[in-house]
Amino acid sequence: MDYIPPESNPPISLWPILLAMGLTALVAGVVTSLIVSLVGLVLMLVALGGWVQESRLFGLAEAASETEEEARDE
Amino acid sequence: MQKTIALNSIKSGQNARVAMAAVLGSESIFFITLISAYFYLRSDMSAWPMAGASLMRLVFPAANTTLLLVSALSFYLGLRAVRKNQLAQLKSWLAVTLGLGLLFIAGQVLEFTRSGMKISDQAFGGVFFTLMGFHAIHVLAGVVMLVILLWRANLGDFTARRHAAVQVGAWFWYFVSAVWVVLFTALYLV
Numbered sequence: 013m014d015y016i017p018p019e020s021n022p023p024i025s026l027w028p029i030l031l032a033m034g035l036t037a038l039v040a041g042v043v044t045s046l047i048v049s050l051v052g053l054v055l056m057l058v059a060l061g062g063w064v065q066e067s068r069l070f071g072l073a074e075a076a077s078e079t080e081e082e083a084r085d086e
Numbered sequence: 004m005q006k007t008i009a010l011n012s013i014k015s016g017q018n019a020r021v022a023m024a025a026v027l028g029s030e031s032i033f034f035i036t037l038i039s040a041y042f043y044l045r046s047d048m049s050a051w052p053m054a055g056a057s058l059m060r061l062v063f064p065a066a067n068t069t070l071l072l073v074s075a076l077s078f079y080l081g082l083r084a085v086r087k088n089q090l091a092q093l094k095s096w097l098a099v100t101l102g103l104g105l106l107f108i109a110g111q112v113l114e115f116t117r118s119g120m121k122i123s124d125q126a127f128g129g130v131f132f133t134l135m136g137f138h139a140i141h142v143l144a145g146v147v148m149l150v151i152l153l154w155r156a157n158l159g160d161f162t163a164r165r166h167a168a169v170q171v172g173a174w175f176w177y178f179v180s181a182v183w184v185v186l187f188t189a190l191y192l193v
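Going down the list, the protein sequences come from chains B and L.
Take 13 as the starting number for the first sequence in my numbering and just add one per residue.
Take 4 as the starting number for the second sequence in my numbering and just add one per residue.
Note that these hints are calculated values from the structure, not bench results.
It is possible that some hints are incorrect.
[What the hints assert, rightly or not] No more than 25 angstroms apart at the CA atoms, straight line, and that leaves these computed lysine to any residue pairs for SDA-like: (1) 94(L) x 60(B); (2) 94(L) x 32(B); (3) 87(L) x 69(B); (4) 87(L) x 71(B); (5) 87(L) x 77(B); (6) 87(L) x 83(B); (7) 94(L) x 153(L); (8) 94(L) x 185(L).
So here's chain L without its partners, still in its complex pose (with noise of 0.2 angstroms):
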């Protein structure tokens, strides 16, 4: 009995677990396809707008990072939160990532316009744009997802034992966070 019940754990969910597996598989050959072609295009260019950016010019994508980054830390609190069935701690910890997934999203809709580029301004504007704005896209999938789990709490679709929408949801999360670091480093720190 003990097994078939373990075995069918595994099998509940497993569906998703690979697919999302593979989604971000072929999510990371595109970023670094994209960061590949930033670095190269840079190793072009005799001046770079953002390198030795001033301390200053770092303060606010930096906090813009701290959000995504502790934006990750609770969507982990949330899973630990359902996988120790307590369900109304997951929903307060979804609503919380869900929170600040927008927040880093509206600093980064602010960072584009402070920055004062163009995307057509020469490569560093493109590759600047393309890079930012794709994994901006990639967040308000997060988001998007974010808000499905958080209303699936709700109608208590989630339990100890079945969860797998809840763990996909936040390995693409931390994906999203972990991304969001190397370009944070590309772009304004190297």
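Excised from the complex, chain B in its bound form (with noise of 0.2 angstroms):
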């Protein structure tokens, strides 16, 4: 039978909602006032950064566990 790698998911993260959030006031700012427009744009880069981190951190990861499974079955 053909090897089936095991699951591979990211980890459960608030970076999503929190980008979401901040897209929601950039434009919801539009229609009341230019803070929460500023409010929004800042929550969205940083929500941005820390999604696009926490991504990269889970990608390293994933390779470093191909690279022993490759070692291992060698």
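Hints in hand, dock the two standalone chains.
In structure tokens form, the structure reads like this:
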């Protein structure tokens, strides 16, 4: 039977929700106040940076585990 | 051993590819709906401002279209470079794509202003700005994505085996380029 690797899902994260909230505030500010838009923009940038950094670390850990698996197979 | 490695290569980034395919599928429906609304509104009007636009009027949007198509080519060259593990070339091509994307957005802003129309100008103004505006937002999202890819490329995150982010980024960029060709044809040529 073929080898089936274990499922590899990213960790549970709050960054996507914060990004969505930031984007919502950014757009809501257009019809309310500039301050709301600015808060939304800052939240969006922070959430985007956090999310990318988190997914980078996940990717690097996944790569390290793949290298270990390959070494074991050899 | 070979089989294990092959399956693992498929695993890493498979989630990203499925997610991007879902995004592009839903975006396609979104743009098809907008373009259908455009043709519906247009069929109801006796005169349409852009119909039979002069060649001179088309020079600027055509040049902007060329910029976006060239940027899709440069993204493809970047993807080809990372597949060959040529990471310096990947960074160069991503930077070129980013520059062309920014030039395209600047061109679209200029096109908004030189069109002499307002979003409140009856059906045409509304649909013209909605179509071009939503597309420009997508290009802007692509530009943000390119900045992230360039940042990650500088950190050495991508290799010939691990570059799913670059691949799905390229899919998105090809998509926005293809959508623009359809919009350009619908708005300026037909």
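Here is what the structure says about each hint:
1. 94(L) x 60(B): holds, 21 angstroms
2. 94(L) x 32(B): violated, 29 angstroms
3. 87(L) x 69(B): Answer holds: residue 87(L) to residue 69(B) is near 24 angstroms, not above 25 angstroms.
4. 87(L) x 71(B): holds, 20 angstroms
5. 87(L) x 77(B): OK: residue 87(L) and residue 77(B) at ~23 angstroms, within 25 angstroms.
6. 87(L) x 83(B): Holds, because 23 angstroms separates the two Cα atoms, which is no more than 25 angstroms.
7. 94(L) x 153(L): holds, 6 angstroms
8. 94(L) x 185(L): violated, 29 angstroms
When the structure is compared with the earlier hints, violations turn up for hints 2 and 8 and for no others.
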